[in-house]
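Undergrad: Chains as they are written, first to last, in full-length UniProt numbering: chain A, 1 to 352; chain B, 1 to 462.
All clues given are correct.
Keeping only pairs whose Cα atoms sit at most 20 Å apart, straight-line, the calculated DMTMM-like set for lysine to aspartate or glutamate is:
no. : chain 1 : residue 1 : chain 2 : residue 2
1   : A       : K66       : B       : D398
2   : A       : K66       : B       : D290
3   : A       : K62       : B       : E226
4   : A       : K111      : B       : E337
5   : A       : K107      : B       : E303
6   : A       : K111      : B       : E303
7   : A       : K199      : B       : D290
8   : B       : K172      : A       : E114
9   : A       : K107      : B       : E88
10  : A       : K62       : B       : D398
11  : A       : K62       : B       : D401
12  : A       : K66       : B       : D401
Just so you know, the hints here were simulated from the structure itself, not pulled from any lab data.
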Amino acid sequence: MYSLIRNSIARIIQRDFISNIGFSYRSSTTNISPSNETPKDADNTTKSDSKFPDKTKTTDVKVPWKSNVIEIPVAMSSQYLMENFREHRQGGFYYDHRIIVPEMPEKYTTKPFETRKTGGNHPDTGRKEYRRVGGGLKKTWLWIDTMRQGPKSGPPLVERVIRIVNSDCHTAKAALIGHGNTLRYILATENLKVGDLVKTSGDIPKNPVKASEGDAYPVGALPTGTIVNCVEGYPGQGARYAMNAGTYATIMKRVDDRCILQLPTKHEISILEQCMVTVGRLSNVAHNEFVYGKAGATRLLGIRPKLGLFHKKTSRFGRRPFRARPILVITGEKPEYPNVIKLQHPSIDPYR
Amino acid sequence: MPKISELRGLFKPFTKPLHRQWKWVWQEKGKFNEPKLTLPKALEGRQINIIDPLHEPDPNAFPDESTSWTSPTRHPMFEYLVPPLPREEHPLFHHERPVFLFDSKAKLHAGVDQACLLTKTIPFYELPQSIKQTIGQVSLPDQDELIQSYIRQSIAYDATKEHLPRKKSPLKQRRSFRIEYAIPRSRQMAILLENIIHLCESLGGHYPDLFKRHLYRNIPFYTTYERYGELIHLKRKNEYVLTSHIPLSPIVKRLNRLEINSGDNIDEKIASHDPNGHYVMQANDYQFLDMYPIYPTIDLPSEQLYQDGDEQGWHQRKSNEYVHTTLHVSNDELIHEATTDERLARMIMFAFGSALVQARQLYPDGRLVKPVTVQSIFLLDELFHFVVFQLNTLNYNDTNDKQCNYVWIDKDNYLYDNRPSMVMHNPLYGTERNLQRYVLEKLKYNPVVFQKFLALYLHGVK
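Using the sequences and the hints, build the whole thing.
TA: Quick look at the structure:
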């Protein structure tokens, strides 16, 4: 009897399965056609990157709050995370050697992400890499937009500061800024207040601009001696230098199409003039005056106790200071992310 | 196949390997003898087509299409086996037009001013003059004693003791709290509010109109409207909705010296509206918030899965049933979960929504003959906000139309002061007896709040 029932149900399920397959087949075909189109779209976007006015959208003046507003979407995407952070085997990524963000977001969001601790383990092999990492309080990760890109010509992108918050994973404070229907987090500069307007522009005019705090410009647009933060290494790379609390870089001089900046470490770098920087010193200036107060405070931060055996022998720890380093000249194109394909026998993989 | 209960006692642990025991049991129990089909004697003589359910039906017969067939893969029993449909294939998924979703958790960062931009409303931070005059006019015998007893009942004298949700402090993650058994705050608020409403209903002897009111609980509400080309979808579950058989008369009747026809002349006499043009003059001075370069919809998520049309909670509109007051009971765990401004903004949006639905049902042609008024009351523990909303226009897309809606806001009304901390290990009020004693001695009752509540409740009663 059961066999008979099973047969009839099997027949029904088979019919349903066929219809499902039909659905999936249809959906896959529908998916294929956009995927065929996506490379074209990507091409379009790359083209419009070079010609920025295509991307900017000034909406109709009829709506009172839409007049004079320039809208640019956030440049950051999950591609940035894929390129700049190590991937975790369960789908997320390693933010740093302490923190895993378990979910890989589809596109830029301002929602806080839940995180896990690495425990100092390697993302792939799981071996202990950092002896002094482990434990600590829970942290949430905020996706901070470090690629501020404005229109290449015409009026700058204006944004309003909505909120200034503390970020668990960054030493400087984060500012929530918005324009149109777009929200994003940036690192807050020292004197940024709620309600301030910050500008972003990709234009390099003949005369240096008069910038106020929190504005983002190419280095070439700013006068020498300006204090800046969130400095890019290559144009369009995303900020790399002077990202921590209370730090800043100084524009020392300009040579042809390059600018020489003094970093917070007092090293000097020479970068292209198109590299975006943010004007001002980063917030949370008193960060270096923080007193732990008790031994357990470092444990709450996820730092495990150390032995005094293997100390550094650099200038800070008793040796004579070394001479200043020569200027680091960053030349050439932005290096492409190497496409590494790991070939491995499945039986060797310990996580299968 | 044998049931687990049949096999109980057949396995002897620690004697033989379990799989071998199972094998032996299976040899005995793993058979099933098909029962013979026997006809009852009563059916033998009759000419009845007998269908054997256990065997294959007629292969040539057509499938029975009388009842709609749902795929077993979509049966809730097998939900865990089959992945759910993607959002895009949901029947309510709108591919062409997304909306900005405003639900009960939405927070507008600029608060009331932003809500006013979205709903084309002008706020006044007081109760309307006509309601202010009626405060304290009507009173019930022993009303203050009764309300205080309701407060005491809700805090200390209710027999429920439930396991409250575990507390956690986000700033001190390592802090642990004790397990607490007490009256949950939702129940406290329900006791207080329902008792107050019952007390108000007891005036039915004087005002027979009150017998025609209905109180709905936990009814769904949604509506969609267009503001400057952007669709905004309001969605919420209303905790309490009070309806009456006559609509509330508008508070301001003369708008920009344009006489709006009111339905009957009796209303004109009773409602003391805006004789000196006080509110109209204030409204002309009001400047809408300049959020440049932000659009007021910035805080609302874009949503493509939504329901079209309006929903007020009852399926078919009854001939005379109009929303009188919506009561919002907050379920926030912490008082700082949202600011006062954000809560007021939410109230304004939903009061606007229910007024809009009512106006659409009254005037389906889109021409608003008479303004629609709706009241709304917020409750969080002992805190009350009162909002009166008057819908004057249905035109939200035209920049030239200067007609605006009005809203009167009375915020931060505390029914009593010195609310005890309900923490069990608080040495002062830790025990039940101490809490009861505290409630009797220390609470400072504010009688004005109930008078305001009563004035709003009796608004529109002849």
